[in-house]
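Asks: Use these hints to put chain B onto chain A, whose structure you have.
Residue numbers (the working numbering), protein chains in the order written: chain A, 951 to 1353; chain B, 951 to 1353.
Hints were generated in silico from the structure; no laboratory data involved. Model, not experiment: these values are computed from the prediction. Keep in mind that a hint or two might mislead.
Identical chains blur together in the list; that is why a pair holds if it fits in one copy or across any two.
[As the list claims (entries may be wrong)] With a straight-line cut-off of 25 Å between C-alpha atoms, the simulated DMTMM-like cross-links for lysine to aspartate or glutamate are:
#1 Lys978 x Glu1306
#2 Lys1316 x Glu1343
#3 Lys1318 x Glu1041
#4 Lys1318 x Glu1343
#5 Lys1247 x Asp1079
#6 Lys978 x Asp1266
#7 Lys1316 x Asp1079
#8 Lys978 x Asp1305
#9 Lys1247 x Asp1305
There are 2 protein chains.
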Amino acid sequence: MAATVSAISGGVTTPRGFRAAGVSAGIKANGGLDLALLVCDGPAQAAAVFTTNLALAAPVVVSREHLARSGGIARAVIVNSGCANACTGDEGMQAARDMAAETARLVHCPAEQVLVASTGVIGVALPIDRIRGGLPVAFGALGADQGAMAARAIMTTDPFPKEAAAQVVIDGRDVTIGGMAKGSGMIEPMLATMLGFVTTDAAVPKTLLDRALREAAGDTFNAITVDGECSTNDCVMLLANGASGVVVDEMRYATFAAGLTAVCRELALGIVRGGEGATKLVTVIVAGAASSGEARKAAKAIANSLLVKTAIHGGDPNWGRLIAVAGRAGVAFELSRAAVMIGSTVLFENGRPYDEASPLAAEYLKGKDLTVSVDLGAGGASSTVWTCDLSAEYVRINADYRT
Amino acid sequence: MAATVSAISGGVTTPRGFRAAGVSAGIKANGGLDLALLVCDGPAQAAAVFTTNLALAAPVVVSREHLARSGGIARAVIVNSGCANACTGDEGMQAARDMAAETARLVHCPAEQVLVASTGVIGVALPIDRIRGGLPVAFGALGADQGAMAARAIMTTDPFPKEAAAQVVIDGRDVTIGGMAKGSGMIEPMLATMLGFVTTDAAVPKTLLDRALREAAGDTFNAITVDGECSTNDCVMLLANGASGVVVDEMRYATFAAGLTAVCRELALGIVRGGEGATKLVTVIVAGAASSGEARKAAKAIANSLLVKTAIHGGDPNWGRLIAVAGRAGVAFELSRAAVMIGSTVLFENGRPYDEASPLAAEYLKGKDLTVSVDLGAGGASSTVWTCDLSAEYVRINADYRT
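Next comes chain A alone, as it looks inside the complex (with noise of 0.2 Å):
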């Protein structure tokens, strides 16, 4: 993809013919943001991945209904921070369905053409009267400069809300996508980890569009993880209303390709950077690997292990764990091939260390974005995931959720 793509500050009410808000309807006990609404002006075609997990939380049954109802066309998407509606019963499913009906209404369009999600505690029912009545004040906060206050109203514990921009040109126009997400544990692969809600006032039809969103969230949101689990609510959705007049086509998929994967990728290091506890981001990058899949599964072990999380939150270039990770990946292996570096710095390589570069490895690991390599010694392929460190605040945080 040689397209140039130009980052831009804005979120998903830069692109034109979209309007958004973020208000708070009481779901939250700290009387914070907590229901943002994201309106189209018009029809918009739209995409989605979904959580991988089988607990599916209610708002990712009915979202998943609509957009098989509705063709893949959406008007509006109403989520909400403070109670992910999920292991809920049928009373969940209602509350989900009344949601997107009530949400519906003060649109003027069909309710399956409203997606919906939720995010927050587990197990606890959603409750609809207060985003009923949170709704009205959120349609009459719409505005096409509110994306900010969307970001922020879909957070839980993120420490900071991500949004992301970017324009391609295509036809000599100008095409924009922007987007917003919110982590912060959970995380982790098989897009079964976070929110994200991506728009674009490209028209993209509804095959080219599904393909752009799996294989964009491929490289950037599946290749993120904080603590490898993988939540009951996670969704990407990505709406496209055709505001620019440019038409996607297969000829013009590359330029948009490139554009959207710009927005998930910022999107998705958003969410590593504010991952729970998080002080550093780290890419992961391995090579020598027996094909891509082997080698993403033992980025993604790498990515996950608490010794390798806590030896770089500690600043030790432990690169011995990384070696003991990469042996137990379940993938081909090659000590004996094999090689790790920390930074531009290799610390095993040819069977043996070299501990003479540790200090220099430490030094480095002191900044807060940081890269470790490992050659698997088995093969020719790669794959980049990125993780962040692990912290005692990551347990503070965890261990004192919901008291």
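Replies: Just chain B now, with coordinates in the frame of chain A:
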């Protein structure tokens, strides 16, 4: 197995005909005990299970070779802590061979009748001169009452030594089984996990001894996890010297196996209790699985989940995390038929939460020895694994291990 197993106090030198020693050879910088020697008065039949990690440490390679060459006959086991002798190339292999040869010289047996194990930091050269210096001291200290010293000498970050012993009666005669083990991070399944040494004065033919160790380890050492890691060095070794005069055959196998499993279970639970930063022992029971393999897989996923382990650490009856992990464990799962119990309190069943029971479960979680149970609602198979909670102390230990 209806065999009566009597737990007794003791360790590796409790069975007749075994002597041990634990001394300081100067491998650990702090001068602590770091060299353990276990010697059998005559040749013993030996069995061992080794790590599944592909980055095999030198002592693992050497011990496997020796067992193969000697036909499974062993006279002595030499173990050092403070250095794993892993990822140390040809020099590390030579050091492991030298360690065995020097032990063989003192014990007056062929080198292949000596098994070797190491534990500690990966990628640091084994200080073989210090081991050479310490070996005669250890040999001089050998005693039938020195099992406890040996158990201390194999420790790294373990907060306490792990010993166990049991007796069974076969043909009217006492058969004694004793053991020692060390943890305490990098503890996971696939018998890829820790060091364990078990002795018995029964005579057990090779095939039965191999089977007994494999089966006992499967339900004990392979059913525990601290952090999901699998080290480069882990092994469990079992020596049977026949000093009791009892010969174990197929008919007497179940009784012997019951005693062996009891000793292995106590050692394995000791490893979990002494897990890095652990404050609670957690028994994870998964029922309602489609197969026993799926039950084990789901139980391991729950036992390794950071979100579950931190919730238990915080005393939070957050059953939603148990359901969420079961749903993403890659096994058959039916939310509407699933259930979660914390202790004996049902918190989720028939698709709905029982939050009124939450205070009862929270009270229960203040204890130190806890059970959580998840029914997957997908079949009739079950599995039990043991884990510990995850504390900020784990992070501190592993962030600062080498610094």
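Asks: Now look at each hint and say whether the structure bears it out.
Replies: Hints, one by one, checked against the model:
For the identical chains of this complex, Lys978 and Glu1306 are inter-copy neighbours only, at 20 Å across copies versus 53 Å inside a copy, given an alpha-carbon limit of 25 Å. In this assembly of identical chains, Lys1316 and Glu1343 lie within 25 Å of each other by CA distance both inside one copy and across copies; the values are 18 Å within and 21 Å between. In this homomeric assembly, Lys1318 and Glu1041 never come within 25 Å of each other (Cα to Cα): the closest approach is 45 Å inside a single copy and 36 Å across copies. Both within a single protomer and between protomers do Lys1318 and Glu1343 lie at most 25 Å apart by alpha-carbon distance, with minima of 16 Å and 23 Å respectively.
In the homo-oligomer, the alpha carbons of Lys1247 and Asp1079 never lie at most 25 Å apart, since the shortest distance is 44 Å inside one protomer and 40 Å across protomers. In the homo-oligomer, the alpha carbons of Lys978 and Asp1266 lie at most 25 Å apart only across protomers (19 Å), although the nearest pairing inside one protomer, at 39 Å, exceeds that limit. For the homomeric pair Lys1316 and Asp1079, neither the shortest alpha-carbon distance inside one copy (49 Å) nor that between copies (35 Å) is at most 25 Å. For a Cα distance limit of 25 Å, the shortest separation of Lys978 from Asp1305 across copies, 18 Å, qualifies, whereas the shortest one inside one copy, 51 Å, does not.
Proximity of Lys1247 to Asp1305 under the C-alpha cut-off of 25 Å is found in neither arrangement, the shortest distances being 28 Å within a copy and 38 Å between copies.
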